[in-house]
Amino acid sequence: MKILVCISNVPDTTAKINFTSDNKEFVSAGVTYIINPYDEIALARALELTEGTGGTVTVINVGDATTEPTIRKALAIGAADAVRINAVPRDAYFVSKQIAEYVKQNPFDMILCGRESSDYNGTSVPMMVAEMLGIPSVSSTKKLTVDGSSATIEREIEGGKEIISVPMPFVAGASEGMSEPKIPNMRGIMSARTKPLKVVEAVPVPELAKVVSFDKPVQRSSVKLISPDDAGKLWEMLRDEKKVI
Amino acid sequence: MAQDRFQSHDYYLMDELLTEEHKLIRSSVRDWVKKEVSPVVEEACQKATFPKQWIKGLAEIGGFGPYIPEEYGGGGLDQVSYGLIMQELERGDSGLRSTASVQSSLVMYPIYTYGSEEQRKKYLPKLASGEWMGCFGLTEPDHGSNPGGMLSNIKDKGDHFLLNGSKMWISNAPFADVAVVWAKDEQGIIRGMVLERGMKGFTTPETHGKWSLRASATGELVFDNVKVPKENIFPNVKGLKGPLGCLNSARYGIAWGAIGAALDCYDSALRYAKERVQFGKPIASFQLTQKKLAEMITEITKAQLLTWRLGVLKNENRATPAQISMAKRNNVNMALQVAREARQIHGGMGITGEYPIMRHMMNLESVITYEGTHDIHLLITGMDVTGINAFE
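Chains as they are written, first to last, in our numbering: chain A, 7 to 251; chain B, 2 to 393.
Hints in this document: simulated from the structure, not taken from any laboratory. Don't take each hint at face value.
Pair by pair, the computed Cβ-Cβ distance ranges are [stated by the list, open to error]:
1) B:W212 - A:D28: 50 to 60 Å
2) A:G128 - B:P40: 47 to 57 Å
3) A:K148 - B:H375: 48 to 58 Å
4) B:D385 - A:K22: 36 to 46 Å
5) A:N29 - B:D376: 57 to 67 Å
6) A:G128 - B:L18: 33 to 43 Å
7) A:R199 - B:H375: 36 to 46 Å
8) A:V94 - B:P40: 47 to 57 Å
Distance condition first, Cα-Cα at most 30 Å in a straight line; then the derived DSBU-like pairs of lysine-lysine [as the list claims (entries may be wrong)]:
9) A:K239 - A:K201
10) A:K149 - B:K36
11) A:K201 - B:K122
12) B:K36 - A:K22
13) A:K201 - B:K53
14) B:K53 - B:K24
What the simulated footprint calls covered on chain B by chain A, stretch by stretch (three residues with Cβ under 8 Å from a Cβ of chain A suffice, anywhere in the stretch; the number is not a length) [said to hold, decoys possible]:
15) 31–44
16) 245–254
Every value quoted in this text rests on a predicted model; they were computed, and no experiment measured them. A virtual CB, placed ideally from N, CA and C, is assigned to each residue, including glycine.
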């Protein structure tokens, strides 16, 4: 079984988020990048599914050379080889097209992604890749088991869960619970030095969407505390300052 | 302990001096510590037990012999990698780092450096995997800073040596499978050897009642007419330079480790100072708190740069014992001062197990004494710059 895991290179979840003065671009200086946490779950499950079966896990990333430390970490965790599509990821359509074009030339039994990336929270790459390849896609996957040439998948839905069966090949977006992210061990880090990392040039993709600007959430204003003995003041503030009553 | 919210601090962008692999090693060890150590270390210290489940994890993340060549089961990594591993382990707890230091620098290092090929093949792979744990016997009840005065001795009995004596303050002793022991031969020359648990006359009573390094097992080594096979003696070293070579490696790791403990204290103090409100504003807004925090990060930053440079020198095989002494002494003292200031910033909370401060502080009281005391390292620097020995 050959599994492809799509990994995004995203800012550490504790990174300070800032944009350029024209609010058009993220400021990456001084930011530590990591594997998108949902993608780490997908990678961990892929390794579990292939462990001891002779199957292989390949990771693919759309990014320039600065993403290679993140790719090496995926190799250290246990992926057998890696592919980097040499382009700065513009948007979900661009990324999906690159992955789909690669898979058309290099088929896999299963393509696992995180259910969304923690940077721009797009959520659309898994579905777009599946659509471009004409294969099933499943989002928010909580459990995934393989039975012969199909997989049984448990999805989280409002108020319960959904159990579905899909034939291979398919695309699934990993959610919490599918597996636990793995910490690279020393042997993994050492072997990652020599594992193959293939760089493939990007295919041309039309620009369908453009970011106009980014805005950070409005900062919460400070809390005003009112003494319990002075509860009437609250009513006055709501009426006179906030004018909500 | 409450949730481990640690974030590292790199005021002078020292990360730019590291390779991507260094950073991956560091983040992997940090992740392992957050997952496996932080949730249980407080209780382990309160109960004074060493969590044995750490051994397997320590082996997997490269805590045992990271710079020993791969053919003997080690990691084949450089000295900066070793330092970063020690830093992250001690960020978790000095006792945890001590266990790894002893295994790597005091047991695997001498077997690799002074041992025969048979000894290397027999012991190193099992020590690297954590299947066997080791300890190191140099200090004696009456000989600490003066190891050359040791009383432990071996007598040649033809096909074996007969070992008598005792060692004290030995990390890992209570559960160690093997012990690297130093004793004088009949000519008064210090020799090194490997003992195995089960040898008749060799016992390892545990030391109880410590207020420091409580999550690390400490004990004695007692030798009562222990028959040591001649093939267990290190063939490639004689004299005090044998154990001192091991200590150089361990002290180098401690210099890095102390930065980890200091970073943990500083990180906790910085967060606490910004969250704790008194007189209507965070205590971080008061000048006396800022003085403490500013001095902490200044000293940490100086130690980081000193130690990185020492690592580069060590990689080039140019680090002198005196340079290592300076870094060990400076960094452990720095960490202890940072812990004390951080304790003040935490107020009463600083003495509880909700925060790591008091645990680090108590641990560091051992670290500033073992592997060459604070004063002895000063005299090493003094001797190095004046050329005059002030020890005796």
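To see whether the hints hold, each was checked on the structure:
With their beta carbons about 58 Å apart, W212 of chain B and D28 of chain A fall inside the hinted range of 50 to 60 Å. The supplied range of 47 to 57 Å is broken by G128 of chain A and P40 of chain B, whose beta-carbon atoms lie about 34 Å from each other. Checked against the hint of 48 to 58 Å, the C-beta distance between K148 of chain A and H375 of chain B comes to roughly 55 Å, which is consistent with it. A hinted range of 36 to 46 Å for the beta carbons of D385 of chain B and K22 of chain A is consistent with their spacing of about 44 Å.
For N29 of chain A and D376 of chain B, the Cβ-Cβ distance of about 58 Å falls inside the hinted range of 57 to 67 Å, so the restraint holds. One distance hint, 33 to 43 Å for the beta-carbon pair G128 of chain A and L18 of chain B, holds here, with the actual separation near 35 Å. Distance hint check for R199 of chain A and H375 of chain B: the Cβ-Cβ separation is about 40 Å, which falls inside the suggested range of 36 to 46 Å. For the pair V94 of chain A and P40 of chain B, the beta carbons lie near 39 Å from each other, so the given range of 47 to 57 Å is not met.
Restraint check for K239 of chain A and K201 of chain A: not satisfied, since their Cα atoms lie roughly 68 Å apart, outside the 30 Å limit. A hinted pair counts as satisfied when its Cα atoms are at most 30 Å apart, and K149 of chain A with K36 of chain B qualifies at roughly 23 Å. With a CA separation close to 28 Å, the supplied pair K201 of chain A and K122 of chain B stays within the 30 Å bound. A C-alpha spacing of about 24 Å is found between K36 of chain B and K22 of chain A, which places the hinted pair at or below 30 Å, so the restraint holds.
Between K201 of chain A and K53 of chain B the CA atoms are separated by roughly 33 Å; this puts the pair beyond 30 Å, and the hint is violated. With a C-alpha separation of about 27 Å, the suggested pair K53 of chain B and K24 of chain B falls inside the 30 Å cut-off, and the hint holds. Closer than 8 Å: that is the beta-carbon criterion, and the region 31–44 of chain B has 3 residues meeting it against chain A, so the requirement of 3 holds. Given as covered by chain A, the region 245–254 of chain B fails the check, having 0 residues with a CB less than 8 Å from a CB of that chain where 3 are the minimum.
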